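Protein chains in written order, with my numbering: chain A, 1 to 574; chain B, 575 to 739.
Source of the hints: derived by calculation from the structure; they are not laboratory data.
One or more hints might be untrue.
[To be verified] Okay, the calculated bits of chain A under chain B, using three or more residues with CB under 8 Å as the criterion:
#1 114-125
#2 234-245
#3 297-306
The model shown is predicted, which means the values in this text are computed figures rather than measured ones.
Where is the CB? At the ideal position from N, CA and C, for every residue including glycine.
Take a look at the letters that make up each chain.
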Amino acid sequence: MKQISGNKLLVNALKEEGVEVLFGYPGACTIDISDELYRQNEISVVLPRHEQALVHEADAYARTTGKTGVCLVTSGPGATNLVTGLATANYDSVPLVCFTGQVPRHLIGNDAFQEVDIVGITRSITKYGVTVRNRADLGRIIKEAFYIARTGRPGPVLVDLPKDVMAEAGPAEYPKTVNIRGYKPSSGIHIGQLKRALKLLQKAKKPLFLAGGGVNIARANQVFTQVVERTGVPVVTTIMGRGAISTRHPLFVGNLGMHGSYAANMAVSNCDLLFSIGTRFNDRITGRFREFAPHAQIIHIDIDTASISKNIHVDIPIVADAMEALTRMNEYLQENHSHHSSRWPSEIQAWKKEHPLTMRPNSRLSPMDIIQEINQQFEKSILVTDVGQHQMLVTQYAEITEGKQLITSGGLGTMGYGLPGAIGAQIGNPDTPVISVSGDGGMQMNIQELATAVLEELPVIVCIFNNEYLGMVRQWQNLFYGKRYGMTNLKAGALSRRTDRTEYPEYTPDFVRLAESYGAKGIRVTKKEEITAAFQAAKENTKAPTVIEFLIDPDEMVYPMIKPGGTLEDMILC
Amino acid sequence: MKKRWISLYVENQVGVLSKISGLFSGKSYNLDSLTVGTTEDPTVSRMTIATVSDDETFEQIKKQLNRMVEVIKVIDFTDIFVRMKEILYVKVRSCSLADKTELFQIAETFKARVIDYGRDSLLLEFVQTAAKNDAVVQLMKESFRDIEVVRGGSVGIESISIMEK
Numbered sequence: 001m002k003q004i005s006g007n008k009l010l011v012n013a014l015k016e017e018g019v020e021v022l023f024g025y026p027g028a029c030t031i032d033i034s035d036e037l038y039r040q041n042e043i044s045v046v047l048p049r050h051e052q053a054l055v056h057e058a059d060a061y062a063r064t065t066g067k068t069g070v071c072l073v074t075s076g077p078g079a080t081n082l083v084t085g086l087a088t089a090n091y092d093s094v095p096l097v098c099f100t101g102q103v104p105r106h107l108i109g110n111d112a113f114q115e116v117d118i119v120g121i122t123r124s125i126t127k128y129g130v131t132v133r134n135r136a137d138l139g140r141i142i143k144e145a146f147y148i149a150r151t152g153r154p155g156p157v158l159v160d161l162p163k164d165v166m167a168e169a170g171p172a173e174y175p176k177t178v179n180i181r182g183y184k185p186s187s188g189i190h191i192g193q194l195k196r197a198l199k200l201l202q203k204a205k206k207p208l209f210l211a212g213g214g215v216n217i218a219r220a221n222q223v224f225t226q227v228v229e230r231t232g233v234p235v236v237t238t239i240m241g242r243g244a245i246s247t248r249h250p251l252f253v254g255n256l257g258m259h260g261s262y263a264a265n266m267a268v269s270n271c272d273l274l275f276s277i278g279t280r281f282n283d284r285i286t287g288r289f290r291e292f293a294p295h296a297q298i299i300h301i302d303i304d305t306a307s308i309s310k311n312i313h314v315d316i317p318i319v320a321d322a323m324e325a326l327t328r329m330n331e332y333l334q335e336n337h338s339h340h341s342s343r344w345p346s347e348i349q350a351w352k353k354e355h356p357l358t359m360r361p362n363s364r365l366s367p368m369d370i371i372q373e374i375n376q377q378f379e380k381s382i383l384v385t386d387v388g389q390h391q392m393l394v395t396q397y398a399e400i401t402e403g404k405q406l407i408t409s410g411g412l413g414t415m416g417y418g419l420p421g422a423i424g425a426q427i428g429n430p431d432t433p434v435i436s437v438s439g440d441g442g443m444q445m446n447i448q449e450l451a452t453a454v455l456e457e458l459p460v461i462v463c464i465f466n467n468e469y470l471g472m473v474r475q476w477q478n479l480f481y482g483k484r485y486g487m488t489n490l491k492a493g494a495l496s497r498r499t500d501r502t503e504y505p506e507y508t509p510d511f512v513r514l515a516e517s518y519g520a521k522g523i524r525v526t527k528k529e530e531i532t533a534a535f536q537a538a539k540e541n542t543k544a545p546t547v548i549e550f551l552i553d554p555d556e557m558v559y560p561m562i563k564p565g566g567t568l569e570d571m572i573l574c
Numbered sequence: 575m576k577k578r579w580i581s582l583y584v585e586n587q588v589g590v591l592s593k594i595s596g597l598f599s600g601k602s603y604n605l606d607s608l609t610v611g612t613t614e615d616p617t618v619s620r621m622t623i624a625t626v627s628d629d630e631t632f633e634q635i636k637k638q639l640n641r642m643v644e645v646i647k648v649i650d651f652t653d654i655f656v657r658m659k660e661i662l663y664v665k666v667r668s669c670s671l672a673d674k675t676e677l678f679q680i681a682e683t684f685k686a687r688v689i690d691y692g693r694d695s696l697l698l699e700f701v702q703t704a705a706k707n708d709a710v711v712q713l714m715k716e717s718f719r720d721i722e723v724v725r726g727g728s729v730g731i732e733s734i735s736i737m738e739k
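Take the sequences, apply the hints, and build the full model.
Structural data, given as structure tokens:
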């Protein structure tokens with residue numbers, strides 16, 4: 001029987017799995033794998049500048065392509081730098097397979113150089129994690145890792161590779177099939193439950209669809225739209241579900257939740273049936289759990305049984321993949337046509353008119369104007385956000401129509417996701433315009449990735465909403481903490497301490513010059529009239545990233561806002 | 575809130591115990607007792623877990639356990655007949671003769687065994703339900719000054735014929 005090293009088997013396995021891109025950062029424990037990858041051309045290797053950014057890049061690549069993102073990092077610090085990215089991917093159900101180097105088996109537990117128990121560290125933030133202890137198990141474990149990552153509710157899988165295991169010669173075969181006795185992702189759907197749910201939907205006077213990220217992950221947008229059109233039932237989405245149906249669709253109401261639209265939150269609070277698909281009922285969308293959708297019976301379709309009835313009591317639980325469920329619903333509705341007709345949609349329209357999503361006019365530069373310009377200038381495109389005020393504004397104002405995609409760190413809320421997210425998305429979608437929006441805070445958490453973007457010749461358009469503050473926390477301080485801006489002023493330091501907060505230096509860094517120093521194009525926009533030209537210039541810069549810094553008034557706020565711990569009807573309005 | 579029992583079949587692998595116990599600590603579930611041992615199949619371990627929780631939390635616990643890759647099967651002992659016992663050792667020191675007599679009576683009453691004997695100390699072994707062991711520990715604490723207690727945690731298995739719950 002043919003024998004090959006573990007390193008060779010790993011690279012063969014990646015090819016078998018159809019991996020086209022690997023995001024890798026080298027180190028002592030993975031140098032042999034780097035060498036194997038160097039000697040082949042099928043898998044292209046991207047070298048980011050930091051492992052945290054690396055895993056976000058693989059994550060965004062996976063979110064925007066539907067393929068599994070693959071990471072390779074070394075042991076110790078290389079592995080621990082994955083932690084935030086793994087938790088991000090775990091929360092947002094992103095399929096990743098992350099290979100970490102590990103010290104040779106005889107040194108494990110020895111406090112060896114660059115040794116950490118990464119499987120232990122990441123146990124609660126991965127779908128599955130395992131150290132390969134025998135060369136004979138390597139092929140099976142890699143096969144299982146890819147299978148676990150992409151099936152059921154997708155998620156990150158970590159495979160820890162001791163250096164000596166990888167060097168050892170062993171079987172060359174890569175298994176064709178998987179059989180894990182403890183892991184049988186649910187397939188199919190309970191048709192009886194689904195029919196009961198649809199009967200409730202037909203009887204309801206004020207029904208409402210709630211679509212979460214699960215609809216987007218299942219890529220069930222088209223069939224969902226058909227179901228919505230057949231039933232005539234209005235739709236609200238979570239931020240992860242935005243784009244489940246075109247945001248321009250007449251039945252789309254808006255996002256619900258802490259920064260949801262008035263009409264969407266009112267619709268949830270007044271509906272008598274909430275038909276939810278692929279959402280976790282996270283506290284940011286429900287407000288106070290017990291007062292969420294107080295008049296509604298709740299139907300919940302989700303692939304993950306543990307997401308059902310976790311936060312919100314559900315009347316009809318249905319465990320199924322969103323695509324499977326919606327396809328079955330669509331078939332059923334074809335035969336049992338019943339279009340919803342009542343005053344309910346016009347009630348929702350009235351709420352929309354009463355308090356439309358808007359921002360107060362600002363003589364300087366309004367984030368709303370910038371996002372609307374993005375809406376107009378880009379048809380097919382991928383929008384990536386960082387985390388904070390700008391993120392909520394993008395989820396409010398970005399039009400996600402057919403062919404557009406919005407990706408954002410929704411569950412974990414990871415600052416620093418924006419730029420690497422854009423890079424991963426662009427690598428996976430070389431022909432689609434990718435626009436990221438970050439705050440000046442989040443931008444600096446992974447700004448080193450400008451180098452990766454320049455070297456990979458990625459024409460990403462990186463927007464920075466620079467308000468010189470950590471805006472979302474500042475917003476809370478403005479509203480609930482007597483405008484005491486502790487720790488949120490990004491110009492604060494020795495000078496402001498010395499002068500009792502009366503003097504501040506010039507803002508650091510100069511983003512335009514910084515971008516230029518990396519070899520990217522840098523543009524600063526201070527006035528509304530300059531927005532269009534900036535995006536046009538960015539579009540013409542097709543072989544390198546463009547950084548557009550927008551100077552934003554720190555007093556810009558995100559409204560509506562549910563007070564922390566409040567109910568959905570208790571909104572602070574613009 | 576009430577005490578409930580779960581039996582788990584899990585992969586007999588490194589880190590599985592840590593993963594299960596980590597679920598309880600990470601999600602703030604009560605973990606009253608956990609025992610683990612291998613089964614007739616050396617690749618499979620079986621755990622018996624006791625938790626004090628409300629109905630909703632208990633449902634969540636079962637779902638969370640079920641979705642773990644390493645968990646092969648979750649059995650809820652709530653509504654099925656099971657045989658369940660716990661081993662308890664009580665060492666009583668500084669015993670007078672009267673104490674020893676009393677301890678032999680306790681042993682007889684509770685069907686315990688006196689498994690070791692010293693000049694002024696006795697070692698008793700109880701194999702009974704955890705609730706009865708609770709009562710024994712309470713009694714021993716009240717009756718004797720110098721005791722040492724170690725408990726094994728309950729192990730349970732489904733009954734063949736319907737017997738005790």
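These are the hints, each one checked on the structure:
Remark: the region 114-125 of chain A is confirmed as covered by chain B, as 4 of its residues place a Cβ nearer than 8 Å to a Cβ of that chain, reaching the required three. Look at the region 234-245 of chain A against chain B: 0 of its residues bring a Cβ nearer than 8 Å to a Cβ of that chain, fewer than three, so the hint is violated. Coverage of the region 297-306 of chain A by chain B holds. Counting CB-CB distances below 8 Å, 3 residues qualify, and the rule asks for three or more.
The structure does not agree with numbered hint 2 stated previously, though it agrees with all others.
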